[in-house]
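Undergrad: Single-letter residue listing:
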Amino acid sequence: MKRAIAGSLVALLLSAACGGGTGAGPSGGTVTLTDGKLVIAVINDQSGVYADLSGKNAVEAVKMAVEDFKAKYGDNALGGSVEVLTADHQNKADVAQQKAQEFYERSYADLILDVPTSSAALAIADVAKAQKKLYINVTAATTDLTGKSCNKYTFHYAYDTYMLAQGTGITVTQQGGKSWYIIYPNYAFGQDMEKSFRQAVIAAGGNVIQSDGSPFPNTTGDFSSLLLKAGQLKPQVLGAMQAGGDLVNVVKQYNEFKLKDQNIKLAVGLLFDTDITALGQDALAGTVYTTPWLWNMDEQSKTFADKFLKRTGIRPTFAHAGNYSAAWQYMEAIRRAGSDDADAVVKQLEGYKFSDFFIRNGFVRPEDHWVQHDALIAQVKPKSEAKETFDYSKVVSTIAAEKASRPLSEAGCSMSK
Amino acid sequence: MEYIALQLFNGLVNGSFYALLSLGLAVIFGVLRVVNFAHGALYMLGAFAAYLLLQDFGVGFWPALVLAPIGIGIAGMVLERLLIRRLYGLDPLYNFLLTFGLTLMIQDGVRLRYGLQGQPYPAPAELAGSVSAGLVAYPAYRLFVIAFSIVVCVAVWYVIERTRLGMIVRAATERPELTRALGINVDRWVTPVFGFGVALAALGGVLAAPMRNVSPLMGSELIIFAFAVVVIGGMGSIAGAVVAGFLVGVLASLAAVFNPALENVVAFALMAIVLLVRPAGLFGSLEARS
Chain A
55 MKRAIAGSLV ALLLSAACGG GTGAGPSGGT VTLTDGKLVI AVINDQSGVY
105 ADLSGKNAVE AVKMAVEDFK AKYGDNALGG SVEVLTADHQ NKADVAQQKA
155 QEFYERSYAD LILDVPTSSA ALAIADVAKA QKKLYINVTA ATTDLTGKSC
205 NKYTFHYAYD TYMLAQGTGI TVTQQGGKSW YIIYPNYAFG QDMEKSFRQA
255 VIAAGGNVIQ SDGSPFPNTT GDFSSLLLKA GQLKPQVLGA MQAGGDLVNV
305 VKQYNEFKLK DQNIKLAVGL LFDTDITALG QDALAGTVYT TPWLWNMDEQ
355 SKTFADKFLK RTGIRPTFAH AGNYSAAWQY MEAIRRAGSD DADAVVKQLE
405 GYKFSDFFIR NGFVRPEDHW VQHDALIAQV KPKSEAKETF DYSKVVSTIA
455 AEKASRPLSE AGCSMSK
Chain B
783 MEYIALQLFN GLVNGSFYAL LSLGLAVIFG VLRVVNFAHG ALYMLGAFAA
833 YLLLQDFGVG FWPALVLAPI GIGIAGMVLE RLLIRRLYGL DPLYNFLLTF
883 GLTLMIQDGV RLRYGLQGQP YPAPAELAGS VSAGLVAYPA YRLFVIAFSI
933 VVCVAVWYVI ERTRLGMIVR AATERPELTR ALGINVDRWV TPVFGFGVAL
983 AALGGVLAAP MRNVSPLMGS ELIIFAFAVV VIGGMGSIAG AVVAGFLVGV
1033 LASLAAVFNP ALENVVAFAL MAIVLLVRPA GLFGSLEARS
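Protein chains in written order, with the numbering used here: chain A, 55 to 471; chain B, 783 to 1072.
Just so you know, the hints here were simulated from the structure itself, not pulled from any lab data. Just so you know, these numbers come straight off a predicted model, no measurement behind them. Hints may be right or wrong, so weigh each one.
As the list claims (entries may be wrong) - On the chain A side, residues computed to face chain B include the following (Cβ under 10 Å):
id, residue
1, P271
2, G285
3, V302
4, D315
5, N317
Said to hold, decoys possible - Not the full set, but computed from the structure, chain B residues with beta-carbon under 10 Å of chain A:
id, residue
6, E784
7, G793
8, Q889
9, V892
10, Q899
11, P921
12, R924
13, F926
14, A929
15, E943
16, T945
17, P992
18, V996
19, S997
20, A1034
21, L1036
Virtual Cβ for every residue (Gly too), placed ideally from N, Cα, C.
Based on the provided sequences and hints, a complete structural model is requested.
TA: See below:
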């Protein structure tokens, strides 16, 4: 309490010194920024395998959100200037940790966003906890963000391995793919995917014959030894948990070895539009996968996608859209709180129910900070059905928010308030 | 048994790329004493050249297999003339830095234009099929890669070991001053040899395009392996590079059968052992290095 008072005193002095940094909200309330400006830092991969699916364009998405927010609520909507910083974590946990530390401490970042690569994402969760600053993860998949590593300042926004497994794992098993051989990249994300898919497959009445980890990063780009093993094990489904460039190589070689002709179906754990670009739409046609969002799912998503296309030259992946949405909801929470003080914003986010173009039936679970929302089962269309270059997939069905979310009892999150 | 045999073939495919890359490295190192760190980037350029030929000019795989290496080889000769040549007299570290810098520039240049995710490239129609091999259908294209690389490696070995041209190159490698004294213009051969080494890298790139993700970083990881292979084979040894390339490919694939994580370790473990037991490499002679 003492601390909060001291904090707001400092803020008041600062804002007075800066010529007044307050803005009027729609409800007539004002926003007071703790250090005169709002700083959002986007940390992601800008040079490696995940650079296309989020990367620089995710930074653009956050900048778009800030601009649009100001356009809606006026230039002084947040009581001061908004700065968007960015850093490349090179998919390394130690680099991510160091950058996060730097941003929170030296650049006075109020929020860290994005952070693909689960190992790096988890490292930043620890920093956020220690620094008592907000962190909304969008592009990492590990459920540990809302499990083992959960904390008061960390939120997990777009998707996790549980959601992917609930969608793809259960759907494919129920469609008759009972026996699975799972291959996964051997680091936090892949191990978590393997665990989630194994559970989902077994829950749906299937079984996992075997699973193997592939080196990450895979220096040779070669997965043929694992694919041959699949040929020997003869599962009904080959579950490929690789992501980004690695997945592209797996699918390319799956097609090369003609495993489909041996009645080994390919199930893909995580698929981004950028992967489809790299493979060619027809190489994946018919593949069923789970995604939190598709740019062509409805009109409001398309409106965003059109704006994004104009700005960046590509249609947004769900990571791009998720970063826009997360930044937006964060700024909304600041307006509700009247402050960018981390504890005040956390209070506004917890238990909050909302929907926007990205999140449907959203609810921020106060117990573990998982942002619960609907997920989609999508299918890649053959090129002949595409209306434009990026028209890759269609929605098959929607998974209700509760079903797509890991039950709290399984989360194993204990958050000290 | 069948399974192990198929894994052996996989190893040979990977070995083909190691062999082609380290062959180029060995030729360049032999004559120029330059450790060409840009080799991986040039391999990547080979793959991109094939992709662009197909995408923008409708030129298919077979012509690309000839055109891309020639084009990238000429670009390599220009590089040698403009930049690399200027550093011959200096500490080898300078050349190392230069070629490493070139790698970064080439990679980022391609990334700026095409992004990182990679581009699709189909196998040529003649080789799109597969050979029935019991467990799985073994892709015909992979068999072609093995056969083609072996032919290229043997041809290069023949030229270097059995022709007059090769004799001059070898002489220039081992005793440059003495070769000059015999009235042979050594410097005349430096640029073409560099271009030739680069062309081999580009050839590897074209071969890789239908199998691997064609992305700006495809060469950056592979090159580390190629260096390990060169060290195992013996710096500057032609036969060593080829044999070690296939050896590493096969051992890595077999190791992956037991534990996938071992695949990346094998090359370096082998390198460490070779350095301990035979510091000059399997086929290297200490004299040639001095």
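Undergrad: It remains to establish, for every hint, whether it holds in the given structure.
TA: Each hint, compared with the structure:
1. Against a cut-off of 10 Å between C-beta atoms, the interface hint on P271 of chain A holds, since the closest Cβ of chain B lies about 7 Å away.
2. With 10 Å as the threshold, the beta carbon of G285 of chain A comes within range of chain B, its nearest partner Cβ sitting at about 4 Å, so the hint holds.
3. Annotation: interface hint on V302 of chain A holds; nearest CB of chain B at approximately 5 Å, less than 10 Å.
4. Restraint check, D315 of chain A versus chain B: the minimum CB separation of about 7 Å is within 10 Å; hint holds.
5. Because the beta carbon of N317 of chain A sits about 12 Å from the nearest beta carbon in chain B, more than 10 Å, this interface hint is broken.
6. Of the supplied interface hints, the one on E784 of chain B holds, with its beta-carbon coming within about 9 Å of a beta-carbon of chain A, less than 10 Å.
7. Interface hint status for G793 of chain B: upheld, as the beta-carbon distance to the closest one in chain A is roughly 8 Å, under 10 Å.
8. Interface restraint check for Q889 of chain B: the shortest CB-CB distance to chain A comes to about 9 Å, inside 10 Å, so the restraint holds.
9. With a least beta-carbon distance of about 12 Å to chain A, the hint placing V892 of chain B at the interface is violated under the 10 Å criterion.
10. A hinted interface residue such as Q899 of chain B counts as satisfied when its beta carbon comes closer than 10 Å to some beta carbon of chain A; here the least separation is about 4 Å, so the hint holds.
11. For P921 of chain B, the interface hint holds, since its Cβ comes within 10 Å of a Cβ in chain A; the closest pair sits about 5 Å apart.
12. Because the beta carbon of R924 of chain B sits about 7 Å from the nearest beta carbon in chain A, less than 10 Å, this interface hint is met.
13. A least Cβ separation of about 12 Å between F926 of chain B and chain A goes past the 10 Å threshold, and the interface hint is therefore violated.
14. Because the beta carbon of A929 of chain B sits about 17 Å from the nearest beta carbon in chain A, more than 10 Å, this interface hint is broken.
15. This hint is violated: E943 of chain B has a C-beta 30 Å from the nearest C-beta of chain A, more than the 10 Å allowed.
16. Given hint, T945 of chain B at the interface with chain A, is violated; its Cβ is 34 Å from that chain's nearest Cβ, farther than 10 Å.
17. Annotation: P992 of chain B was flagged as interfacial toward chain A, and the flag holds, the nearest CB pair being 8 Å apart, inside 10 Å.
18. Proximity of V996 of chain B to chain A holds as hinted, the smallest CB-CB distance being about 8 Å (cut-off 10 Å).
19. With a cut of 10 Å, the hint placing S997 of chain B at the interface with chain A holds, because the nearest CB-to-CB distance is about 6 Å.
20. The closest approach between the C-beta of A1034 of chain B and any C-beta of chain A is roughly 8 Å, which is under the 10 Å cut-off, so the hint is satisfied.
21. The beta carbon of L1036 of chain B is positioned within 10 Å of a beta carbon in chain A (closest approach about 9 Å), and the interface hint is therefore held.
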